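J.: Here's the letter readout for the chains.
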Amino acid sequence: MRYRTGAIAKRLLFIPVAVFIVITLAFGLVNLTPGDPALVIAGDLAADEQVAEIRAELGTDKPVPQRYAAYVRELFTERSLGTSFFTKRPIWDEITQRFPDTLELVVLGLLGAVLYGSLLGTLSSYFRRRWPDTLSRTSVTITQSIPDFFMGLLLIYVIFYIIGWAPAPVGRIGLLDRPPDRVTGAVILDTLIARDWGLLKTAFHHAMLPVVTLALFYSSHFAKTTRAVLSRALNSDQVEFARACGLSELRVVGYAFREARTPVVTYIGILFAALFGGAAIVETVFAWGGLGQWAIDAMLKLDVPAIQGFILVVGLLTLLVYLLLDLIVVALDPRVSYE
Amino acid sequence: MSKARLALAKALPKRAEMPAEGGRAGRALRALARGALAHKGLTIGFVVILLILLAGFFAPLPHDPIQPNPESTLQSPDGEFWFGTDRFGFDVFSRVFASARLDLPIALAGTLLSIAVGIPLGLAASNKSRWSERIMRGLDMFQSFPLLVLAFAIVALTGNTLRNIIFAIALVNVPRFIRLVRSEALVLRESRFIEAATAIGASRTRVMLRHVMPNTMGIVLAQASLAAAHAIIVIAGLSFLGIGITPPDASWGVMIRVGSQNIATGQWWVSFFPGAMVFVTIVAFNMVADGVTRVIGRAED
Amino acid sequence: MTAAAAPATASLLEVSDLRVQFRSRRRTVHAVNGVSFAIGEGETVGLVGETGCGKSATVRAIIGLLKSPGRVTAGAVRLEGTDLVGLQPRQLRQIRGARIGFVPQNPFGALNPVLRIERQFRNVIRAHGRGRRGEIRSTALDMLDAVGIADPERVLRGYAHELSGGMAQRVVIALAMILNPRLVVADEPTTGLDLTIQRQILDLIRDLAETEGRSMLLVTHDVGVVAQYCSRVLVMYAGQVVEAGPVRRVLTDPAHPYTEALLAAVPRRGERLVGAQGTVPTLLELPPGCFYYDRCQYRSDPRCATEAPSLREVGPEHWAAVHYDKGAGIRLPAASASAAPSDADSAPGDM
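Chains as they are written, first to last, in numbering that gives the first Met the number 0: chain H, 0 to 338; chain B, 0 to 300; chain G, 0 to 350.
I should point out that these hints are in silico values taken from the structure, not numbers from a laboratory. Treat the numbers as computed from the prediction; the structure is a model and nothing was measured. One or more hints might be untrue.
[What the hints assert, rightly or not] Derived DSS-like pairs: lysine-lysine, alpha-carbon spacing no greater than 25 Å straight-line: (1) H:Lys223 x H:Lys87; (2) H:Lys200 x G:Lys66; (3) H:Lys223 x H:Lys61; (4) B:Lys39 x H:Lys9.
[What the hints assert, rightly or not] Computed spacing ranges between beta-carbons, pair by pair: (5) B:Gly78 x H:Thr95: 36 to 44 Å; (6) H:Phe85 x B:Pro61: 40 to 48 Å; (7) B:Phe57 x G:Arg22: 44 to 52 Å; (8) H:Arg88 x B:Thr160: 28 to 36 Å; (9) G:Glu161 x H:Glu77: 22 to 30 Å; (10) G:Gln87 x B:Gly265: 51 to 59 Å; (11) G:Arg129 x H:Ile20: 55 to 63 Å; (12) G:Arg118 x B:Val186: 35 to 43 Å.
From the three backbone atoms N, C-alpha and C, an ideal C-beta is built for every residue, glycine too.
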């Protein structure tokens, strides 16, 4: 136990350094990359004065160190990420407003991916070289080779257009539905809080295709991981002894699965962090209106402060998730102690 | 001298397990090629990629891929337009194949660039010094970033020139090569034939370049194939979002984007065929990666 | 054949003409080729042989845990009269742990790394529908006490990785015997343990067997262990029992040349180490004659090359699969060989 608290303390101490690195990265990405965003925003036909004006507004007319200092100062003293170049709203507000939507999508999508992927992996390793294995491998091959946005379009065509089970891809709820009162910002949660069961059904209905898209695309990671770890575990002495003690096959697979737990949880964490940006395309396909879609819009419009703010927030979020991940892994596996 | 030779001969592994040696990476590759022919999946994957690439440049296309036919928009597949047309009147069939001219070379160039950067960095970081540990820590941080979005942001900010797209792809793929080459080199350096080479007085650089590096080629090739598959997805994603390649240039992502506006109303063919092409290409690259892994004996089972 | 290697008392376990093959698309390995023996009530039988001689496959076949693609192709394993070979997995499961206890080689590998020891005891007891809530814990504590663990409470609360090698093997033994099985199968239970601890563990297993009148099959490659802990011994070679009988007789007056070589490989003071020459057949294709033909020093009889010898009684309760009659003065030509059956230092990867 002593070792663990020590290691955790060490990690916590590392955080300020990491935060600084993320801030610098977000800054550097926008300010040190070649090319002048002002030129792009202004367009080819703009006069020099117009470009200079945009530069001044973006702050790109000042030297880099000065800009960096200003950026960091604003971040820490005013706790501000700046304002959007186009909407003039604070970036922070833009992000927090959309964050819950993306969170909902990512959580549901990952949940689906974990369940489906682990099921595939387990079948695959338990029935090695028999038909469930073949079926599972085929699923993995297919889902990992179809880009998520194309998978989304295929699902829209088949399940919305042909079969008609899913609603049109117009966002969280129907175009004519009145959104629930905003409490958490997450539509599904808010309908729950409002006890609006009809709307809850609608929300789930609209979430179906994007969630399935993410679940299918990311299931291959979990399928491969569980398959690899479980195959090893099912052949281990531990499992043989468990069987020799007369434990049921279900229990035996459970024993083996516990070994797969840590890598699966690790993958969940990594993908969770990656999906806040990674779900952007799927959000766009389904007009989800979350963080990712907003960021893509910002990139298309070259809303420099917004891009910067997005990178920073996603980076910090990733840090946070990784820290939590470390803690969870320690809690899950009694052997890990970080000496 | 002769004594040293003898000792060396003993230290060296037997011929059969002799790893590829110095400057003769060609031999390693030839061995790989022989193995490849014996492996069905690898051959198929390789041939498919080659065919798609060749078709992109040399196949006679029924219509001009970047010249729309305004009088025939959104036509379903028929004898005239085999894969139908999109809402601008572009022939989907011609464009699907013409897209390979841009998408595949960009993917391959990005991958090559990341290998070219990744191998030296990986070799350099393969000593167990504190510095290399720190570099790896930094790499961890970098990799923990959502790289796909980072690539999008980079292309958006720097402008969507081919060069920038290639850079972005290289950037997201570099860490995996650094990591791979480093871990391979760390293992190889412990092996006996490297010890033997060091024992006869080969310099550090020479050992690295002529003994360690050639022996990482197989696994690097497998990883490169996966990276290329990933690059295809990144390019398609970029173009799909309108950040990457822009119309009228043909690119699978652009085509899927154009078709995405019609899919909810049933005109499936505009998006479907380019999407299917992406699928086939990625499967082919994955087959190559899988095959190489098997041929060099690194497959899991 | 069934009469061969029979115990003095009524038999608890009877293995007859057991055959095991590992079949893959490319080849078939004949791992066990017609093994027959029996173990009586309260008897401890040793099973010795080199790595790859089929010891492990025999044991796995008995407890019904052959790893794919291994399969019992013929023969029977009767436990108190019931043939285990054709049994449904469910029925077999109820026998494992409850009527046959299995002690594996590697105690650390055998324990679940992420479950508390108490949970592992609970799972085993529950799997057989025994023990009520309150009892399970005290049963486990008693058992841990019986295997000589000083602080059972603490061990129950802890995890496998907190135990020493000897402790871990004690816990494993406790798990294997908690349901009081009549038969214990120990597969090289001391591999990888310190020499001093090896003895403690073997003593413990023997004591546990003796006090409860259990029968035991002790698999080992160590002739010394057999001499000290077993009453009868089976010598396996190339998937067959080549010699069987009371330990004292087999070890002092071996009838099979392989046993002789095995004994000669045990270092003794002032004697030159002698072992069997040549290598074990691959077991991919079984030779027509005696499996030991290539390595045999005495292959005089013309049948040796053409006809596989079967076990026959060469002395009181002493059986051997040899063609020639052991006349006077068969001795290994000294100094002719040095390659000992090299099992002593082999990894626990025995198939």
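J.: So which of the earlier hints does this model not fit?
T.: 1, 2, 3, 4, 5 and 9
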